Amino acid sequence: MECKRPKTTEPRDKLDTKAVKEAGAADAAPVVVAAVNGPEGDVTDWLSIDWQQVDDDVRRLRQRIFTASQAGDLKKVRNLQKLMLRSRANALHAVRRVTEVNAGRETAGVDGKVVLTAPGKAEVADWVQHRSRSWTVRPVRRVYVPKPDGRRRPLGIPVILDRCLQAVVLGALEPEWEARFEPRSYGFRPGRGCHDAIESIFPTCRGPNPGRPWVLDADLAAAFDRIDHDHLLRQLGTFPARELVAQWLRAGVVEDGRLTATRKGTPQGGVISPALMNVALHGMEEAAGVRYHASGIHAGTVMRKSPVLVRYADDLVAMCYSREQAEEVKQRLAAWLEPRGLAFNEDKTRIVHLTEGFCFLGFHVRLYRNRKLLIKPSKASVKRIRKRLAAEMWDLRGSNAEAVIRTLAPIIRGWSAYFRIGVSSRVFSSLDFYVWQLAYKWAKHEHANKPRDWIVHRYFGAFNPRRGDRWVFGDRGSGRFLPKFAWTKIVRHQLVKLGASPDDPALTEYWARRRRKEVIPLIDKTDWQLLNRQNGHCPHCGTLLLHADHPPTSPTEWEQWIRATRKAITRKAIVTTGPGKPDEPPAQLLHAHCRRQLIADTGNGTVLLPASEP
Numbered sequence: 001m002e003c004k005r006p007k008t009t010e011p012r013d014k015l016d017t018k019a020v021k022e023a024g025a026a027d028a029a030p031v032v033v034a035a036v037n038g039p040e041g042d043v044t045d046w047l048s049i050d051w052q053q054v055d056d057d058v059r060r061l062r063q064r065i066f067t068a069s070q071a072g073d074l075k076k077v078r079n080l081q082k083l084m085l086r087s088r089a090n091a092l093h094a095v096r097r098v099t100e101v102n103a104g105r106e107t108a109g110v111d112g113k114v115v116l117t118a119p120g121k122a123e124v125a126d127w128v129q130h131r132s133r134s135w136t137v138r139p140v141r142r143v144y145v146p147k148p149d150g151r152r153r154p155l156g157i158p159v160i161l162d163r164c165l166q167a168v169v170l171g172a173l174e175p176e177w178e179a180r181f182e183p184r185s186y187g188f189r190p191g192r193g194c195h196d197a198i199e200s201i202f203p204t205c206r207g208p209n210p211g212r213p214w215v216l217d218a219d220l221a222a223a224f225d226r227i228d229h230d231h232l233l234r235q236l237g238t239f240p241a242r243e244l245v246a247q248w249l250r251a252g253v254v255e256d257g258r259l260t261a262t263r264k265g266t267p268q269g270g271v272i273s274p275a276l277m278n279v280a281l282h283g284m285e286e287a288a289g290v291r292y293h294a295s296g297i298h299a300g301t302v303m304r305k306s307p308v309l310v311r312y313a314d315d316l317v318a319m320c321y322s323r324e325q326a327e328e329v330k331q332r333l334a335a336w337l338e339p340r341g342l343a344f345n346e347d348k349t350r351i352v353h354l355t356e357g358f359c360f361l362g363f364h365v366r367l368y369r370n371r372k373l374l375i376k377p378s379k380a381s382v383k384r385i386r387k388r389l390a391a392e393m394w395d396l397r398g399s400n401a402e403a404v405i406r407t408l409a410p411i412i413r414g415w416s417a418y419f420r421i422g423v424s425s426r427v428f429s430s431l432d433f434y435v436w437q438l439a440y441k442w443a444k445h446e447h448a449n450k451p452r453d454w455i456v457h458r459y460f461g462a463f464n465p466r467r468g469d470r471w472v473f474g475d476r477g478s479g480r481f482l483p484k485f486a487w488t489k490i491v492r493h494q495l496v497k498l499g500a501s502p503d504d505p506a507l508t509e510y511w512a513r514r515r516r517k518e519v520i521p522l523i524d525k526t527d528w529q530l531l532n533r534q535n536g537h538c539p540h541c542g543t544l545l546l547h548a549d550h551p552p553t554s555p556t557e558w559e560q561w562i563r564a565t566r567k568a569i570t571r572k573a574i575v576t577t578g579p580g581k582p583d584e585p586p587a588q589l590l591h592a593h594c595r596r597q598l599i600a601d602t603g604n605g606t607v608l609l610p611a612s613e614p
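Numbers 1 to 614, taken from the working numbering, label the letters of the sequence shown in order.
Rather than coming from a laboratory, the hints here were simulated on the basis of the structure. Incorrect hints may appear among the rest.
Claimed, not checked - The list that follows gives simulated cross-link-like pairs (lysine-lysine, DSS-like), each with its CA atoms no further than 27 Å apart: (1) Lys-497 to Lys-372; (2) Lys-348 to Lys-379; (3) Lys-264 to Lys-348.
Unchecked claim - Derived CB-CB ranges, DEER-like: (4) Ser-322 to Gly-499: 24 to 32 Å; (5) Gln-494 to Arg-323: 29 to 37 Å; (6) Pro-203 to Arg-369: 20 to 28 Å.
Just so you know, these numbers come straight off a predicted model, no measurement behind them. No residue lacks a Cβ here, since even glycine has one placed at the ideal position from N, Cα and C.
Model the full structure from these sequences, guided by the hints.
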């Protein structure tokens with residue numbers, strides 16, 4: 001299979017036959033059979049795959065697993081999961097997700113290899129389905145990423161073949177648990193995100209006299225690193241790929257060339273790790289004493305004296321009637337977490353009253369003296385973005401205005417996109433003034449001998465014709481300008497329906513309506529019109545243009561999403577027959593990788609597609 005070592009002098013299209021032999025050879029250690037049944041055949045032509053059909057096949061099978069799990073038919077669930085593990089469509093879907101969609105597609109594991117070319121992806125898909133029976137999982141590569149508090153978060157990066165297998169297994173595991181997960185669990189689940197978790201707090205805490213004014217604001221200490229393996233595997237029960245999951249859990253970590261065994265935890269960085277975290281923490285609501293009405297007109301709603309628990313991965317808040325109830329919930333959860341190898345981070349866990357307020361997922365939630373509940377960006381979040389902007393501007397000394405705009409624009413757009421659902425207008429305006437100060441200081445440093453009026457005329461003006469703002473930082477040569485925080489419209493997030501999952505066939509129309517109404521910020525007017533005309537789909541492969549494994553969960557992820565979207569979607573990827581001719585096809589939006597495939601087919605940069613229907 002065509003695995004590559006990134007950033008080397010070797011040709012990117014060189015076939016790595018050694019990797020194929022290594023992947024196909026039997027290892028001395030115990031092996032696990034996974035996704036191996038299915039018809040043998042020639043390696044797929046990656047460029048000719050009907051991706052819309054692939055997605056439809058995977059979706060239908062996921063829905064069948066969900067329905068069987070919802071009905072409690074475990075035997076049928078297991079049979080369908082085995083079918084999913086053997087599915088050709090699932091193998092193709094998994095490889096495409098890992099090698100084209102995921103942000104870490106060019107990040108290598110311990111073997112230093114990634115898959116970059118269409119033939120390589122096709123061979124990986126063929127290997128995943130037919131020849132992975134002798135595969136023994138490889139250790140993960142330890143890397144560290146900075147955390148907002150200055151510390152570093154450890155990530156474990158599996159090799160590319162393990163990531164593809166994990167995506168295959170996730171396709172079988174996830175729909176079973178989507179039918180079982182608690183309704184107020186929002187982290188790393190399809191169709192759910194941070195904004196849903198924040199919005200779910202509002203109806204519980206709003207009003208002049210909220211019924212649950214006491215809040216347990218809790219955080220789990222290093223949850224990904226401490227999950228008990230035995231407990232997690234018991235949770236999985238008779239899942240067909242259970243032994244393969246066990247191998248991933250115990251694969252070990254390579255750091256500085258040394259292999260360390262892993263006896264607990266699931267490495268952050270694996271495709272399947274977030275789902276395993278949710279499986280391990282399933283049942284937390286029941287442990288906290290949350291009770292729902294089972295029947296009648298109030299079916300599915302929380303009982304009157306019950307606490308309400310909202311969880312996003314390892315962050316949670318429990319809203320209670322009294323301080324005593326909050327203390328009881330904390331004790332019950334501490335006892336429940338212990339056999340799972342987990343515990344509260346006491347430094348970040350506290351019980352507070354709503355009038356004091358608490359921070360959750362970067363927002364500050366507080367009931368003010370006028371009895372209004374306001375959800376704003378937290379002071380810590382504002383402090384972090386100011387520090388980030390100042391550091392970036394310091395590093396940009398000696399660069400030109402275009403470099404400043406190119407660097408800061410995704411940061412500004414990403415941060416404002418995440419916090420646009422809160423009461424953020426004043427914060428946005430204050431940050432715009434701060435950016436103006438930084439930009440002026442940068443310009444003054446670049447032109448120390450120039451007067452103020454010269455600097456203002458050179459770098460500030462009404463660059464955005466749709467805004468009556470004369471104090472926009474921009475580059476007069478290119479016409480590019482720096483967006484402002486305040487240009488992001490404040491939009492109330494539409495809370496996802498409790499218990500709703502995209503895998504539920506009964507809610508197909510609900511999710512279609514939700515996608516149509518979803519606010520997609522940060523796209524210019526022309527791209528937005530093209531996106532609407534194409535119904536959000538790529539005219540080449542038929543799949544959604546704007547896609548992510550899950551909704552962005554932080555300002556940083558929004559920033560990454562914006563950068564990735566700009567790379568993934570190429571405007572004017574259609575070279576027309578001639579400008580101004582009435583019979584020429586209109587401009588279209590296209591996935592960047594689809595455009596590359598079309599160019600490879602035609603042998604040049606000319607790409608012509610028929611106009612898509614509105």
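Outcome of the hint check:
1. Lys-497 to Lys-372: Holds: Lys-497 and Lys-372 sit about 24 Å apart, inside 27 Å.
2. Lys-348 to Lys-379: Given that 27 Å is the threshold and the Cα spacing comes to 16 Å, the pair holds.
3. Lys-264 to Lys-348: Measuring from Cα to Cα gives roughly 23 Å; hence the hint holds.
4. Ser-322 to Gly-499: 24 to 32 Å: holds (28 Å)
5. Gln-494 to Arg-323: 29 to 37 Å: Hint holds: Cβ distance 33 Å, inside 29 to 37 Å.
6. Pro-203 to Arg-369: 20 to 28 Å: holds (21 Å)
In terms of the numbered hints stated before, the structure departs from none.
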